[in-house]
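Novice: If you want the building blocks of each chain, they are given just below.
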Amino acid sequence: MELVKRYIAAVQRELPDTKRDEIGRELHANIMDQLDALQEQKGLLTDFDIAAVLKSMGHPRAVAEQFVPPQPLISQSYMRLYKHTLFMVLGILFLLQVVDSTSAWLSSQMGLIGYLHSLASGFIEDVVLAFTSITVAFWMMSRYSPAQDRKYQQNWQPELLPEAGPGWQHIPLQDIFTDLATYLFLLIVIWHPLWLSQEQLEASRFLLTDSAHQWLKWASPLPLLGIANSLWQLRQRLWNKQMLIANVLLNAAFGIAILLLATVDPLLNLDPGAWQRVFELHQLERAAVTGLVITAMFPLWEVLRDILRLRKG
Amino acid sequence: MTTAQLDKMRLELRRGVLVLAVLGSLKQPHYGYSLRKQLQDGGIDIDEGTLYPLIRRLADQGLLDSEWQQGEGRERRYYQLSELGTTLLAQLTDEWQHLNSALATLLGGATEEKQ
Numbered sequence: 001m002e003l004v005k006r007y008i009a010a011v012q013r014e015l016p017d018t019k020r021d022e023i024g025r026e027l028h029a030n031i032m033d034q035l036d037a038l039q040e041q042k043g044l045l046t047d048f049d050i051a052a053v054l055k056s057m058g059h060p061r062a063v064a065e066q067f068v069p070p071q072p073l074i075s076q077s078y079m080r081l082y083k084h085t086l087f088m089v090l091g092i093l094f095l096l097q098v099v100d101s102t103s104a105w106l107s108s109q110m111g112l113i114g115y116l117h118s119l120a121s122g123f124i125e126d127v128v129l130a131f132t133s134i135t136v137a138f139w140m141m142s143r144y145s146p147a148q149d150r151k152y153q154q155n156w157q158p159e160l161l162p163e164a165g166p167g168w169q170h171i172p173l174q175d176i177f178t179d180l181a182t183y184l185f186l187l188i189v190i191w192h193p194l195w196l197s198q199e200q201l202e203a204s205r206f207l208l209t210d211s212a213h214q215w216l217k218w219a220s221p222l223p224l225l226g227i228a229n230s231l232w233q234l235r236q237r238l239w240n241k242q243m244l245i246a247n248v249l250l251n252a253a254f255g256i257a258i259l260l261l262a263t264v265d266p267l268l269n270l271d272p273g274a275w276q277r278v279f280e281l282h283q284l285e286r287a288a289v290t291g292l293v294i295t296a297m298f299p300l301w302e303v304l305r306d307i308l309r310l311r312k313g
Numbered sequence: 001m002t003t004a005q006l007d008k009m010r011l012e013l014r015r016g017v018l019v020l021a022v023l024g025s026l027k028q029p030h031y032g033y034s035l036r037k038q039l040q041d042g043g044i045d046i047d048e049g050t051l052y053p054l055i056r057r058l059a060d061q062g063l064l065d066s067e068w069q070q071g072e073g074r075e076r077r078y079y080q081l082s083e084l085g086t087t088l089l090a091q092l093t094d095e096w097q098h099l100n101s102a103l104a105t106l107l108g109g110a111t112e113e114k115q
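Read top to bottom, the protein sequences are chains A and B.
Using UniProt numbering, you'd call the opening residue of the first sequence number 1 and step up by one each time.
Using UniProt numbering, you'd call the opening residue of the second sequence number 1 and step up by one each time.
Calculated from the structure, these hints are not laboratory results.
None of the values given here were measured: they were computed from a predicted structure.
There may be inaccurate statements among the hints.
[Claimed, not checked] Now the stretches of chain B that chain A is said to cover, found in silico as 3 or more residues with beta-carbon under 8 Å:
(1) 31 to 39
(2) 43 to 55
(3) 73 to 82
Every residue gets a Cβ at the ideal spot worked out from N, C-alpha and C, and that includes glycine.
Sequences and hints are given; from them, build the entire structure.
Specialist: Shown next as structure tokens:
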């Protein structure tokens with residue numbers, strides 16, 4: 001009977017503490033009944049016979065999973081939101097780390113390897129904390145309010161569904177989260193000196209000049225409006241006339257703000273000594289201006305796209 | 001169709017039917033092994049690793065009452081339909097009969113078309 005004991009112990013190891021004794025007791029009774037029945041047919045049982053019965057029961061882990069099916073860490077109803085939140089937060093952290101490491105690189109004698117190392121190690125450190133915090137938060141949501149989705153699925157009416165419009169009318173969740181990540185990133189970059197100490201401020205070197213930074217501060221209501229717009233989109237998930245107009249205005253304002261930023265002279269706050277042997281400062285300045293003009297094309301393209309959609313609608 | 005696909009679909013088909021078979025058999029009290037024997041005698045083969053957890057899940061849902069009893073020198077857990085289980089079994093039986101007659105017509109039609 002040693003094999004039976006080992007089998008039951010192996011099943012119990014895979015079970016939660018509260019169910020171990022009860023299931024073990026019942027499993028023992030069931031196995032002994034089977035062995036009794038077999039003994040009636042074959043006479044005295046060998047270890048080989050007992051092993052065959054246990055094998056037919058299934059692997060201890062599989063049996064334990066049948067008794068207590070494993071619960072996923074994040075419930076299926078939250079999975080999409082979880083993935084998008086991770087994508088958004090990790091995206092922001094990566095961009096912040098790029099800014100942070102690049103500023104450190106530009107204001108020191110750090111080599112390219114040192115820069116890449118600082119970028120990778122800083123990002124991994126942030127990712128571990130962010131990934132853990134987000135996963136724990138979603139695990140708690142899954143555990144304490146799993147029924148929300150079911151309620152939402154029950155309380156709907158076909159008559160309240162939006163009219164079937166063109167394919168572009170649906171706003172993908174990924175687009176909304178990408179916008180949210182961009183706006184949050186901009187706000188953090190613009191206002192990060194607020195949470196730096198005086199010593200840290202003196203030691204760090206912001207990539208843009210004071211006048212360019214001042215301009216960004218004036219423009220910071222735009223990302224705030226962008227966040228509000230994204231939250232509105234998150235609620236509706238379908239383009240309508242008002243949302244398209246709001247998007248046109250917002251993107252036009254963004255496009256203009258970026259183009260105006262490109263006119264600030266000087267734009268970059270670089271250490272001439274550090275760059276002397278690599279690039280001429282005016283080359284870098286020109287590259288930054290070109291980069292900003294190209295960046296401005298994205299919101300301006302969205303303006304054009306949404307105006308065309310408004311005309312069609 | 002591959003054997004794996006067939007096995008998967010057969011498993012899905014059997015899953016719901018097994019619950020009905022177990023509930024139907026537990027109008028009388030049974031312990032795990034005797035229930036399996038009764039199902040086997042009735043032509044439904046189910047392995048122990050599936051049956052015992054299934055009984056427990058049904059008991060956890062309040063469809064079965066259970067009681068430990070001493071018999072033949074060993075303790076055994078006996079299960080029987082609860083009041084809720086009896087009501088549910090009646091409803092499921094109606095549903096099964098309705099489905100069965102509908103399927104018989106459909107499958108009969110399909111067989112004729114094949115011929």
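Novice: It remains to establish, for every hint, whether it holds in the given structure.
Specialist: Against the structure, the hints come out as follows:
1. 31 to 39: holds (count 5)
2. 43 to 55: holds (count 7)
3. 73 to 82: holds (count 4)
The structure fails none of the hints (numbered hints given earlier).
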